[in-house]
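For reference, the chains in residue letters:
There are 2 protein chains.
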Amino acid sequence: MTVEEPAPVHPALDLDDAVHQKTRLALLTVLDEAGRADFPYLRKVLNLTDGNLGRHLDVLAQQGLVEITKGYAGRRPRTWAAITPKGEQALAAEMRLLAALLERFNNRG
Amino acid sequence: MTVEEPAPVHPALDLDDAVHQKTRLALLTVLDEAGRADFPYLRKVLNLTDGNLGRHLDVLAQQGLVEITKGYAGRRPRTWAAITPKGEQALAAEMRLLAALLERFNNRG
Chain Z
53 MTVEEPAPVH
63 PALDLDDAVH
73 QKTRLALLTV
83 LDEAGRADFP
93 YLRKVLNLTD
103 GNLGRHLDVL
113 AQQGLVEITK
123 GYAGRRPRTW
133 AAITPKGEQA
143 LAAEMRLLAA
153 LLERFNNRG
Chain C
53 MTVEEPAPVH
63 PALDLDDAVH
73 QKTRLALLTV
83 LDEAGRADFP
93 YLRKVLNLTD
103 GNLGRHLDVL
113 AQQGLVEITK
123 GYAGRRPRTW
133 AAITPKGEQA
143 LAAEMRLLAA
153 LLERFNNRG
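In order, the protein sequences belong to chains Z and C.
Counting from 1 along the first sequence, just add 52 to a position and that's the residue number in my numbering.
Counting from 1 along the second sequence, just add 52 to a position and that's the residue number in my numbering.
If we strip away everything but chain Z, and leave its shape as in the complex, we get:
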């Protein structure tokens, strides 16, 4: 069955790759829940290598979606990541699009 008539714009097309990529999506949801988390926690809970975690957090930070802060816990250097208001809005927009996708999938003929 070749479908000819034009379909509405597909919700998946509005997804933002910076947010939608699975590791970054996981990072944003964990940070949205925790507010702020340090690198060891993020590495552990998302089963990431240092390199992978650093790369994805860089992408998110360059887009202004997370903020990276360095400090000390006692005498040990620590790095934290925190979601920004812009990050919260981007995650909410992603979730709205995923909900639209799910609805479309669940209501398909």
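A few of these clues could be false.
One copy or two, it doesn't matter: identical chains are merged, so the pair holds either way.
What the hints assert, rightly or not - Below, a list of computed lysine-lysine pairs in the DSSO-like style, where the Cα atoms sit at most 30 Å apart:
| hint | residue 1 | residue 2 |
| --- | --- | --- |
| 1 | 96 | 74 |
| 2 | 138 | 122 |
| 3 | 74 | 138 |
| 4 | 138 | 96 |
| 5 | 96 | 122 |
| 6 | 122 | 74 |
To be clear, the hints were calculated from the coordinates, so they are not data collected in a lab.
Quantities reported herein were computed from a predicted structural model and do not represent experimental measurements.
Since chain Z is already given, all that's left is putting chain C on it; use the hints.
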């Protein structure tokens, strides 16, 4: 607030990049609705270039998620893409994970 206790495995980590990438996700949902569609339709409804469409369909075909068939419509050569049973299962698995992500997001504290 640094969260210390181990969290359950994050649903986003089980996402399959072959399916989750936004253009491929759009292609699978459209093909899941239409069953089969030709290149001009997919290009138009998803606003893709030939190269982009071909590249993403190759990834899906290599994973056995879609099947590409070439034929004629009248005397004009045509190429169709159809979702395979494996593709339908992969899309259903993606949707279950997206539903879990959404539920987690909507129930966060």
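Legend entry - Same-copy or cross-copy closeness of residue 96 to residue 122 [CA-CA at most 30 Å]: Within. Shortest intra-copy distance 19 Å satisfies the 30 Å Cα cut-off; inter-copy 47 Å does not.
Inset, instruction - With 30 Å as the alpha-carbon cut-off, assign the pair residue 96 and residue 74 to within, between, both or neither. - result: Both, since 16 Å and 27 Å are each at most 30 Å.
Legend entry - Intra- versus inter-subunit Cα pairing at 30 Å for residue 138 with residue 96: within (25 Å within a copy, 32 Å between copies)
Legend entry - Intra- versus inter-subunit Cα pairing at 30 Å for residue 122 with residue 74: Within. Shortest intra-copy distance 25 Å satisfies the 30 Å Cα cut-off; inter-copy 33 Å does not.
Legend entry - Within, between, both or neither: residue 74, residue 138 at alpha-carbon 30 Å: both (19 Å within a copy, 21 Å between copies)
Legend entry - Same-copy or cross-copy closeness of residue 138 to residue 122 [CA-CA at most 30 Å]: within (21 Å within a copy, 46 Å between copies)
Against the hints set out earlier in the document, no violation occurs for any number.
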